[in-house]
Amino acid sequence: MSLTQGVELAAGDRSGEAAGGLYRDALRRLRRSPTAIVGATLVLLFVFVAVFAPLLAPYSPTAVDLTDIRPGVFPGPSAEHPLGLDQLGRDELSRIIYGARYSLLIGVVSLSLGASVGLALGLIAGAFGGWVDSLVMRGVDIMLAVPSLLLAIGVAALLGPRLISVMIAIAVVNVPIFARLLRGSMLAQRRSDYALAARSLGVTRSRIVLQHVFPNSLAPVIVQGTLALATAIIEAAGLAFLGLGSPDPAIPEWGRMLAETNAFLASAPLLALWPGLAIVLSVMGFYLLGEALREALDPKLRR
Amino acid sequence: MTGPAADSLTTASPREAVPGEARAEPLLKIRDLTVTFSSRGRATVRAVDGVNLDVAAGSTVGIVGESGSGKSVTSLAAMGLLGRRGVEVSGSVDFDGSDLLHMPEQELRAVRGREIAMIFQDPMSSLNPVLTVGRQITEILVRHRGLSGREARDRAAELLNSVGIGDSLRRLKSFPHQLSGGMRQRVMIAMALACAPRLLIADEPTTALDVTISAQILELLRRLVVDTQTALVLITHDLGVVAGLCDTVHVMYSGRIVESAPRRPLFADPRHPYTTGLLASVPRLDAPRSVPLLPIPGSPSDTLPWARGCAFSPRCTRQVDACLGAPPVLEPLEPSSHLLRCVNPVPPEKSLG
Amino acid sequence: MLKFAVRRLLLLVPILLGLSILVFLFVRALPGGPETALLGERLTPERAAAVRAAYGLDRPVYEQYVSYMGKVAKLDFGVSIQSQRPVSEEIGRRFPATVELATFAILFAILVGIPLGFVAGRRPNSWLDNFSTVGSLIGIAIPVFALGFLLKYVFAVKLGWLPGTGRQDVRITTEHPTGFFVLDGLLTGDLPAAWDAVKHLILPAIALGTIPLAIITRITRAAVLETSNEDFVRTAEAKGMTRQIVTRRHILRNALLPVVTIIGLQTGLLLSGAILTETVFAFGGMGSFMADALFSRDFPVIQGGILFLAVVFVVVNLLVDISYGFIDPRVRTS
Numbered sequence: 012m013s014l015t016q017g018v019e020l021a022a023g024d025r026s027g028e029a030a031g032g033l034y035r036d037a038l039r040r041l042r043r044s045p046t047a048i049v050g051a052t053l054v055l056l057f058v059f060v061a062v063f064a065p066l067l068a069p070y071s072p073t074a075v076d077l078t079d080i081r082p083g084v085f086p087g088p089s090a091e092h093p094l095g096l097d098q099l100g101r102d103e104l105s106r107i108i109y110g111a112r113y114s115l116l117i118g119v120v121s122l123s124l125g126a127s128v129g130l131a132l133g134l135i136a137g138a139f140g141g142w143v144d145s146l147v148m149r150g151v152d153i154m155l156a157v158p159s160l161l162l163a164i165g166v167a168a169l170l171g172p173r174l175i176s177v178m179i180a181i182a183v184v185n186v187p188i189f190a191r192l193l194r195g196s197m198l199a200q201r202r203s204d205y206a207l208a209a210r211s212l213g214v215t216r217s218r219i220v221l222q223h224v225f226p227n228s229l230a231p232v233i234v235q236g237t238l239a240l241a242t243a244i245i246e247a248a249g250l251a252f253l254g255l256g257s258p259d260p261a262i263p264e265w266g267r268m269l270a271e272t273n274a275f276l277a278s279a280p281l282l283a284l285w286p287g288l289a290i291v292l293s294v295m296g297f298y299l300l301g302e303a304l305r306e307a308l309d310p311k312l313r314r
Numbered sequence: 007m008t009g010p011a012a013d014s015l016t017t018a019s020p021r022e023a024v025p026g027e028a029r030a031e032p033l034l035k036i037r038d039l040t041v042t043f044s045s046r047g048r049a050t051v052r053a054v055d056g057v058n059l060d061v062a063a064g065s066t067v068g069i070v071g072e073s074g075s076g077k078s079v080t081s082l083a084a085m086g087l088l089g090r091r092g093v094e095v096s097g098s099v100d101f102d103g104s105d106l107l108h109m110p111e112q113e114l115r116a117v118r119g120r121e122i123a124m125i126f127q128d129p130m131s132s133l134n135p136v137l138t139v140g141r142q143i144t145e146i147l148v149r150h151r152g153l154s155g156r157e158a159r160d161r162a163a164e165l166l167n168s169v170g171i172g173d174s175l176r177r178l179k180s181f182p183h184q185l186s187g188g189m190r191q192r193v194m195i196a197m198a199l200a201c202a203p204r205l206l207i208a209d210e211p212t213t214a215l216d217v218t219i220s221a222q223i224l225e226l227l228r229r230l231v232v233d234t235q236t237a238l239v240l241i242t243h244d245l246g247v248v249a250g251l252c253d254t255v256h257v258m259y260s261g262r263i264v265e266s267a268p269r270r271p272l273f274a275d276p277r278h279p280y281t282t283g284l285l286a287s288v289p290r291l292d293a294p295r296s297v298p299l300l301p302i303p304g305s306p307s308d309t310l311p312w313a314r315g316c317a318f319s320p321r322c323t324r325q326v327d328a329c330l331g332a333p334p335v336l337e338p339l340e341p342s343s344h345l346l347r348c349v350n351p352v353p354p355e356k357s358l359g
Numbered sequence: 008m009l010k011f012a013v014r015r016l017l018l019l020v021p022i023l024l025g026l027s028i029l030v031f032l033f034v035r036a037l038p039g040g041p042e043t044a045l046l047g048e049r050l051t052p053e054r055a056a057a058v059r060a061a062y063g064l065d066r067p068v069y070e071q072y073v074s075y076m077g078k079v080a081k082l083d084f085g086v087s088i089q090s091q092r093p094v095s096e097e098i099g100r101r102f103p104a105t106v107e108l109a110t111f112a113i114l115f116a117i118l119v120g121i122p123l124g125f126v127a128g129r130r131p132n133s134w135l136d137n138f139s140t141v142g143s144l145i146g147i148a149i150p151v152f153a154l155g156f157l158l159k160y161v162f163a164v165k166l167g168w169l170p171g172t173g174r175q176d177v178r179i180t181t182e183h184p185t186g187f188f189v190l191d192g193l194l195t196g197d198l199p200a201a202w203d204a205v206k207h208l209i210l211p212a213i214a215l216g217t218i219p220l221a222i223i224t225r226i227t228r229a230a231v232l233e234t235s236n237e238d239f240v241r242t243a244e245a246k247g248m249t250r251q252i253v254t255r256r257h258i259l260r261n262a263l264l265p266v267v268t269i270i271g272l273q274t275g276l277l278l279s280g281a282i283l284t285e286t287v288f289a290f291g292g293m294g295s296f297m298a299d300a301l302f303s304r305d306f307p308v309i310q311g312g313i314l315f316l317a318v319v320f321v322v323v324n325l326l327v328d329i330s331y332g333f334i335d336p337r338v339r340t341s
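Residue numbers (this note's numbering), protein chains in the order written: chain A, 12 to 314; chain B, 7 to 359; chain C, 8 to 341.
By construction, these hints were calculated from the structure, which means they are not laboratory data.
Please read all numbers here as calculations on a predicted model, not as lab measurements.
Beta carbons: idealized from backbone N, C-alpha and C, even for Gly.
Be careful, since some hints might not be right.
To be verified - Chain C is faced by these chain A residues, among others (derived, beta-carbon under 8 Å):
no. : residue
1   : Ser159
2   : Leu161
3   : Leu169
4   : Leu253
5   : Leu269
Produce the complete structure using the sequences and hints provided.
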């Protein structure tokens, strides 16, 4: 999980304050941050392409144009096909555009699945503490002790080669990360002065946790969520490369499109470039946005 | 230097009286020091605005003001410690005949720590957490005195002894986090005095410490300064700290000196409403119980640009029409060692204290 | 410090027990057991039952688990279905390759990343800073296998400067006493063999090391920027220390603390990346070995390999934490 590491470092010292103020402040700072603007632009472009793929794509991603196709010859960019045709004579641009849908779908589904399970575990551990905390956290330790891609491969192997397996596999990788993040953040919040003050005023524990500690602990989770979307795209590509994606070759999935080009890299290097570029730009967008969010939500930098 | 038109609304006039001006050539002579901070997307801030200041050898000078008054920035600018980005420093800082502001960096680094030393507010963050205090003291001796290994260590132990840290050879091996706050500030003082500097600048040296510890630290500073004939510039927001220590006191507000006098006249006969406000807001053990503490209304951010009148006027209880329009000038009173920048000063008999 | 290490090692016991149970159940839940892997086309119910009996899979799961753990305690992980050789032997053969690859990758990341991040942090917004920012962004965003292909295509296929597959030229028949090919070459005095192994490592190590490189660069830059504004750096300047001492002794030493943490966290990431890198470069290490085992349902290898990797992972993290204590006195003495 390459993109997650700074988050927990930053999560340790969130001081207690009205959560609303924190987020309002963050939004104000985001608008001034060039990192946020570039990241958000890339992300919006990606989401726009994914949502409106049928309107934007000139052809169907599965339609085959065999007029110029001969074995070993890949027609490059032309007026009809701006990015050329792939090895089976399909319009590369349309496949890239439709590919955004699958990347977004995989990212969103795996994030919501993984984050909701992870956050529930983290909330339980952080709210109850004691042996519940120990139990949950040992489980998290166990999951984290397995290299994430191996874990994903295992889950995908267990569930068989289907698109949903990839989503669940990446979701499983996200579970321990979110659980540990929220729990650590809540622990820091519970020890904070304002939680102590609330307790001394006689506010009940469940009220403190749900109304104060939990909302204030969410900042690093939001950052992690953004970064998890970036990671999902990369991991989906890795799984596709290992042959664990959807079995249907018609599905224009960027990771597989890129992996498949390995066989004819020498004759059509551009066919590797397009999906590679699509992956790099969309990952970069989520990553930049996540970085900007982390900076904007860091109370140490508030002014 | 220039005509009245340029004698101007933005910087203090060079013809203004110089606070603490000494008859003999002073050790430190600050003239027309101006510091502006600018950062992208924000208005530039003039933190120090044409400050003139003399410090005679061996004397003790206090600079007093609230946070944001420019007192710390003055000292950092004089030492060239403000960094380069977004900072503009002008004027001159003459130390024993050479201008620190225009000195080549190499030379300035040789002056810092050897001729002029500094002590900062928070001894925890001001000490390097991953080096032993011994290393942090000896590195100065190695750098400026050319001592090596054993000599440096022995000298460092002596220094720790002289600032009241016992068992000093063992203490040299401690890390900052293993010492108490008072001890850490003693270490800072030992570091500052390592090369017997001629000038010591102490920037809020006791603000981060407990009251009892801070009294000890002040007493230590006073004794060392007297013993070693070091000139001391003491920067603080606490007039109580100044009262026991300084020969001369300068009161700063919004980047300019507003009142400046030897210690006795300043406390006995403060004339600037800001000074009387500071004095009235300090609790005093010797005051009758019926005298209430009077906070200065407003906050240090309620200022007027000096160009449009007295910066303190928005918070001033004695504000009159003459306060607005043009900046007041720093002028000598009787006796001439007492300078004041105010058009409607507190009358002598009404002063507190 | 010793107490800390012992406590951490004890904490490892429940993690490994839990993990072993989970892996054990996981392997038995995999669709298509070892009979599919072994028999393939020749699969009949009778033959399948025979295979399952031969591997003890017909007994109750808890019985299987107890007898398995009894063997594991004696470091017997069973026999690989694919190769019919002991799993421990197979791991012993592949693990050095991955360690070698990961070591070169992390060395590459550290040796390039820390200086680059340092210079970028000292001169923010300089051309070098912008270059390193954009470069590390691309490094983070590019899939490991795609970078592997690119490197292989340019430097092995097109330019022919470096080998693109394997660990050593097949014509080299030197002894391998340790399994670390570079080390073996040096130990047996066969320097050309060692150099050949190094050449085989360069491209995979760059592919695998690029993400850690990008992360180390960014963390170093941020840490240097932050440390430069610390009060103690101002103190060092006020003490008249030379620029060099201020930078090295005061800024760099403190800025390296978060960098060390990040380097430690890269271990798990390296093992993930190794699966892809080893596949691209046919490198024959643990990563591709484990991926293959999962595909072929080689359950003794899956069980033993995951347990082994988990131990490695936890031990490496422990070592990083201990080394952290040596750099940061606040951790050491509290």
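The hints, checked one at a time:
1. Ser159: 5 Å, holds
2. Leu161: Hint on Leu161(A): holds, closest Cβ of chain C at ~6 Å, below 8 Å.
3. Leu169: 6 Å, holds
4. Leu253: 6 Å, holds
5. Leu269: With a closest approach of 5 Å, the Leu269(A) hint holds.
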